[in-house]
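When you get a sec, could you build the whole thing from the sequences and use the hints?
Chains A and B supply the protein sequences, listed in that same order.
For the first sequence, counting from 1, position 28 maps to 28 in the numbering used here; every step adds exactly one.
For the second sequence, counting from 1, position 364 maps to 364 in the numbering used here; every step adds exactly one.
Bear in mind the hints are in silico, worked out from the structure with no lab data behind them.
C-beta atoms are modelled at their ideal positions from N, C-alpha and C, and glycine is treated no differently.
Check the hints yourself; a few may be wrong.
[Unchecked claim] Across the chosen pairs, the derived CB separations fall in these ranges:
#	chain 1	residue 1	chain 2	residue 2	range
1	B	Val-201	A	Trp-71	48 to 56 Å
2	B	Tyr-296	A	Leu-118	31 to 39 Å
3	B	Ile-84	A	Pro-58	16 to 24 Å
4	B	Glu-111	A	Trp-71	42 to 50 Å
5	A	His-69	B	Glu-63	50 to 58 Å
6	B	Leu-261	A	Leu-60	29 to 37 Å
7	A	Pro-67	B	Asp-141	47 to 55 Å
8	B	Glu-108	A	Phe-123	55 to 63 Å
9	A	Leu-134	B	Val-201	51 to 59 Å
10	A	Leu-39	B	Ser-82	25 to 33 Å
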Amino acid sequence: MSDPSNTADVPVDVAAIMVEIREGIERRRRQGLRTPEELERLLEERLRSYGEESQIDPRLLKQLLHPSHGWNISTDYPLRTQRRGLVGGLVRAAKRLVRPFVRLYTDHVFNRQAQLNLYYMYFLQDAARQIVRLEGEVGRLRQRLEELERAKGAA
Amino acid sequence: MKLAFVIQRYGADVAGGAELHCRWLAERLAQRHEVQVVTTCARDYVEWRNHYAAGQDTVNGIEVTRYRVRRPRDAGAFAALSEIVFDDEHQPADERRWVVANGPDCPELVESLGRMRDVDLFLFYSYRYYQSFFGLPRVADRAVLVPTAEEDPAVRLSIFAELFRAPRGLIYLTPEERDLIQGVSGNAGLPHVVIGSGVSVPVGWREVDVRSRFHLPPHFLFYAGRIDRNKGVDRLFDYYRRLDADWLAVPPLVLVGHPVLPIPDHPKIRHLGYVTEEEKFALLDACDLLVMPSPYESLSIVALEAWAMGRAVLANARCKVLEGQCLRSNGGLFYEDYAEFCATLSTLVERPELRGRLGAAGQAYVRREYAWPVVEQRVDSLLRGIVGGGRAK
Numbered sequence: 001m002s003d004p005s006n007t008a009d010v011p012v013d014v015a016a017i018m019v020e021i022r023e024g025i026e027r028r029r030r031q032g033l034r035t036p037e038e039l040e041r042l043l044e045e046r047l048r049s050y051g052e053e054s055q056i057d058p059r060l061l062k063q064l065l066h067p068s069h070g071w072n073i074s075t076d077y078p079l080r081t082q083r084r085g086l087v088g089g090l091v092r093a094a095k096r097l098v099r100p101f102v103r104l105y106t107d108h109v110f111n112r113q114a115q116l117n118l119y120y121m122y123f124l125q126d127a128a129r130q131i132v133r134l135e136g137e138v139g140r141l142r143q144r145l146e147e148l149e150r151a152k153g154a155a
Numbered sequence: 001m002k003l004a005f006v007i008q009r010y011g012a013d014v015a016g017g018a019e020l021h022c023r024w025l026a027e028r029l030a031q032r033h034e035v036q037v038v039t040t041c042a043r044d045y046v047e048w049r050n051h052y053a054a055g056q057d058t059v060n061g062i063e064v065t066r067y068r069v070r071r072p073r074d075a076g077a078f079a080a081l082s083e084i085v086f087d088d089e090h091q092p093a094d095e096r097r098w099v100v101a102n103g104p105d106c107p108e109l110v111e112s113l114g115r116m117r118d119v120d121l122f123l124f125y126s127y128r129y130y131q132s133f134f135g136l137p138r139v140a141d142r143a144v145l146v147p148t149a150e151e152d153p154a155v156r157l158s159i160f161a162e163l164f165r166a167p168r169g170l171i172y173l174t175p176e177e178r179d180l181i182q183g184v185s186g187n188a189g190l191p192h193v194v195i196g197s198g199v200s201v202p203v204g205w206r207e208v209d210v211r212s213r214f215h216l217p218p219h220f221l222f223y224a225g226r227i228d229r230n231k232g233v234d235r236l237f238d239y240y241r242r243l244d245a246d247w248l249a250v251p252p253l254v255l256v257g258h259p260v261l262p263i264p265d266h267p268k269i270r271h272l273g274y275v276t277e278e279e280k281f282a283l284l285d286a287c288d289l290l291v292m293p294s295p296y297e298s299l300s301i302v303a304l305e306a307w308a309m310g311r312a313v314l315a316n317a318r319c320k321v322l323e324g325q326c327l328r329s330n331g332g333l334f335y336e337d338y339a340e341f342c343a344t345l346s347t348l349v350e351r352p353e354l355r356g357r358l359g360a361a362g363q364a365y366v367r368r369e370y371a372w373p374v375v376e377q378r379v380d381s382l383l384r385g386i387v388g389g390g391r392a393k
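Here it is, written out as structure tokens:
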């Protein structure tokens, strides 16, 4: 095994190096310099906190934050009943009979509402994303302004 | 002592961390004990299709008994059950169905264990598989579990807490794994030991000139292992390409191992395919550093091998085992996100003297903690303590 360096016997402290690296990253973040990944994480945190504050069903919130559209309403008319046995069978048969008539009136409305939900969801998420990005930008510009003012005062 | 290792698959050509660890330990312990292996006929871990012949076999001098897998894993059914047990409200019965679906579904193996009355101790590998979950309770008074657990959702399934409390003793690979299992099961009172793994450097690696054989540049980053989303390699590709767009000096990324993911068509990403052990160690010696992007590892033998060769490691800090190993050894840095990946990698690339010191610290750590005699002594001490204490009622 080759010796990779002639300074190899100098002790090294990984914990201290990581603290130094993470402080450097934090300084850049405070200046508003964030990676796209960090912006997405901030956005998700913010969307999650909106959901928690509004006290919606946590399972729905989980679906809202998921990339799929499982949270949206659908035109399905599932044949379900809590009843078992013969009564359950009769209820399911009755529902099967009325289903085409119900869907005739509800499908169009539900489809339209689902599309509106999707549109507003994209619109609001993008607006929230832009706010998060612009907050970082404002923070960076404010810091730059303070630096310039300090430099001007010193001069 | 008469020892029987029980594992999901076993063979000289079986790849996989737990399986390799089992084979190495069985071969080492066979120098002082009577060792046999009980396993299935499967070679692949995706479908568990029967590959080897059922019955007796010998692998590197170890007697192996193989049983046929009743049916291969149904990926669709397994995915559906995974969704139920990990994302929905469910019952313990669903979790047991998940274990059966996970496989390898081999009731013959489980039934055979009760008939092996002359075995002093059974060493069960990998808690999540059928043979451990259904086999260990049958011989719990003679069982030692090697969980090979990672910080993934399966370890928190309610049915496994009982399994972790059932054996006479446990062998952990890292302190993080021990803390995880004790946290989910409250089994800290059971005899246990943290052993890691011995590292065996093949003798002939120096004779392999990998630079000319593979036309490698003077500096490169190295990854060895399965090229798979589960190993975090998709994210590594993503991070690497983003970094390369901003920082032209980033060294090429060289990979070896079985590709499950497509390798990106990128001028600085090179896949060398399968390599021999000697070539792998020569590549470890030639590289600037090893990148270990896996979020789920119960030990990471390749990180130990990199340290054995005096090379620094850059690891995914989302894997607490890897982060812990880097901190204990002072042999590597770690990252949680893209910003940290850029900062840690540029630090390592731009500071060769730091890389050298990290590599040397890692090498000293492996020599101190992961020499085979040290590992064997720890295992022996646990096993003798259990057998000396008599069989539990």
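We went through each hint and held it up to the structure:
no. : hint                              : verdict
1   : B:Val-201 x A:Trp-71: 48 to 56 Å  : 54 Å, holds
2   : B:Tyr-296 x A:Leu-118: 31 to 39 Å : 34 Å, holds
3   : B:Ile-84 x A:Pro-58: 16 to 24 Å   : 18 Å, holds
4   : B:Glu-111 x A:Trp-71: 42 to 50 Å  : 47 Å, holds
5   : A:His-69 x B:Glu-63: 50 to 58 Å   : 56 Å, holds
6   : B:Leu-261 x A:Leu-60: 29 to 37 Å  : 33 Å, holds
7   : A:Pro-67 x B:Asp-141: 47 to 55 Å  : 49 Å, holds
8   : B:Glu-108 x A:Phe-123: 55 to 63 Å : 59 Å, holds
9   : A:Leu-134 x B:Val-201: 51 to 59 Å : 55 Å, holds
10  : A:Leu-39 x B:Ser-82: 25 to 33 Å   : 31 Å, holds
Figure legend: structure checked against the earlier numbered hints; every hint is met.
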